[in-house]
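Trainee: Using the sequences provided together with the hints, build the complete structure.
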Amino acid sequence: MDRIIGIDYGRKRVGVAVSDPLGIFASALDTIPAAKIIEYLKNYTQNNKVVRFVVGYPMNLNGKPAECAQYVDIFLKHLKKQFPDIPVTLEDERFTSQLAMKAMIAGGMKKSDRREKENVDKISAAIILQSYMDNPHE
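Residue numbers are given in numbering that gives the first Met the number 0: position 96 of the sequence shown equals residue 95, and the series is strictly consecutive.
Simulated from the structure, these hints should not be mistaken for lab results.
Hints should not be assumed to be uniformly reliable.
20 Å max Cα-Cα, derived DMTMM-like pairs, lysine to aspartate or glutamate [to be verified]:
#, residue 1, residue 2
1, LYS63, ASP84
2, LYS11, ASP1
3, LYS63, GLU90
4, LYS41, ASP84
5, LYS79, ASP1
6, LYS48, ASP1
7, LYS11, GLU38
8, LYS35, ASP19
9, LYS76, GLU66
10, LYS80, GLU66
11, LYS35, ASP72
12, LYS79, GLU90
13, LYS48, ASP84
14, LYS63, ASP91
15, LYS80, ASP19
16, LYS48, ASP19
17, LYS11, ASP72
18, LYS79, ASP133
19, LYS11, ASP29
20, LYS76, GLU38
21, LYS11, GLU66
22, LYS48, ASP29
23, LYS41, ASP1
24, LYS48, GLU66
So the derived label-pair ranges between C-beta atoms look like this [as the list claims (entries may be wrong)]:
#, residue 1, residue 2, range
25, THR88, LEU60, 18 to 28 Å
26, PRO83, TYR39, 33 to 43 Å
27, GLU66, PHE24, 27 to 37 Å
28, LEU21, ASP84, 17 to 27 Å
29, GLU66, GLY22, 29 to 39 Å
Just so it is clear, CB atoms sit at the ideal spot from N, CA and C, and this is done for glycine as well.
Mentor: If you want it as structure tokens, here you go:
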């Protein structure tokens with residue numbers, strides 16, 4: 000079954016989300032140390048058919064790349080080199096951390112669990128992926 004992977008890249012941790020087989024719903028999957036993300040994705044793609052990566056791209060309010068986008072650019076080069084047959088789409092990640100916090104509160108997650116940045120990262124990845132899937136594409 001085809002899957003789309005959503006990625007919220009950070010210098011320390013990477014949030015990962017996955018689509019359902021029909022590409023309708025995104026689910027938070029995992030939070031991985033940044034140094035191990037390519038290895039994690041290799042393992043995942045060996046067991047699942049991934050048809051696209053959707054990577055959150057940090058933008059300023061003026062629509063220009065944020066200063067930290069340079070780190071995402073480096074990651075994108077590695078991702079495309081390791082997975083040349085899987086297309087990569089960039090998705091604006093503005094406000095995803097705030098939306099993730101609101102989603103955790105609305106979902107009744109305990110305050111102690113909301114403090115764990117790993118939870119915010121993987122939920123942010125799910126928001127990025129869901130945003131991609133909710134918008135029509137060619």
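Trainee: Are the hints correct? Go through all of them and say.
Mentor: A quick look at each hint next to the structure:
1. LYS63 x ASP84: Distance ~28 Å between LYS63 and ASP84 Cα, so the pair is violated.
2. LYS11 x ASP1: The hint is violated at about 29 Å.
3. LYS63 x GLU90: holds (13 Å)
4. LYS41 x ASP84: holds (13 Å)
5. LYS79 x ASP1: With a Cα-Cα distance of about 19 Å, the restraint between LYS79 and ASP1 holds, given a limit of 20 Å.
6. LYS48 x ASP1: Cα-Cα ~5 Å, so holds.
7. LYS11 x GLU38: holds (15 Å)
8. LYS35 x ASP19: violated (24 Å)
9. LYS76 x GLU66: holds (17 Å)
10. LYS80 x GLU66: Given pair LYS80, GLU66 is violated - Cα atoms ~23 Å apart, limit 20 Å.
11. LYS35 x ASP72: Holds: LYS35 and ASP72 sit about 17 Å apart, inside 20 Å.
12. LYS79 x GLU90: holds (16 Å)
13. LYS48 x ASP84: Roughly 12 Å between the alpha carbons, so the hint for LYS48 and ASP84 holds.
14. LYS63 x ASP91: holds (10 Å)
15. LYS80 x ASP19: violated (26 Å)
16. LYS48 x ASP19: holds (12 Å)
17. LYS11 x ASP72: With Cα atoms ~15 Å apart, LYS11 and ASP72 stay inside 20 Å; holds.
18. LYS79 x ASP133: violated (24 Å)
19. LYS11 x ASP29: With Cα atoms ~14 Å apart, LYS11 and ASP29 stay inside 20 Å; holds.
20. LYS76 x GLU38: holds (15 Å)
21. LYS11 x GLU66: holds (16 Å)
22. LYS48 x ASP29: holds (18 Å)
23. LYS41 x ASP1: Between LYS41 and ASP1 the Cα gap is close to 16 Å, so the pair holds against 20 Å.
24. LYS48 x GLU66: violated (33 Å)
25. THR88 x LEU60: 18 to 28 Å: holds (22 Å)
26. PRO83 x TYR39: 33 to 43 Å: The hint (33 to 43 Å, Cβ to Cβ) is violated, given that PRO83 and TYR39 are roughly 18 Å apart.
27. GLU66 x PHE24: 27 to 37 Å: Check passed, 33 Å falls within 27 to 37 Å.
28. LEU21 x ASP84: 17 to 27 Å: About 22 Å separates the Cβ atoms of LEU21 and ASP84, which means 17 to 27 Å holds.
29. GLU66 x GLY22: 29 to 39 Å: holds (32 Å)
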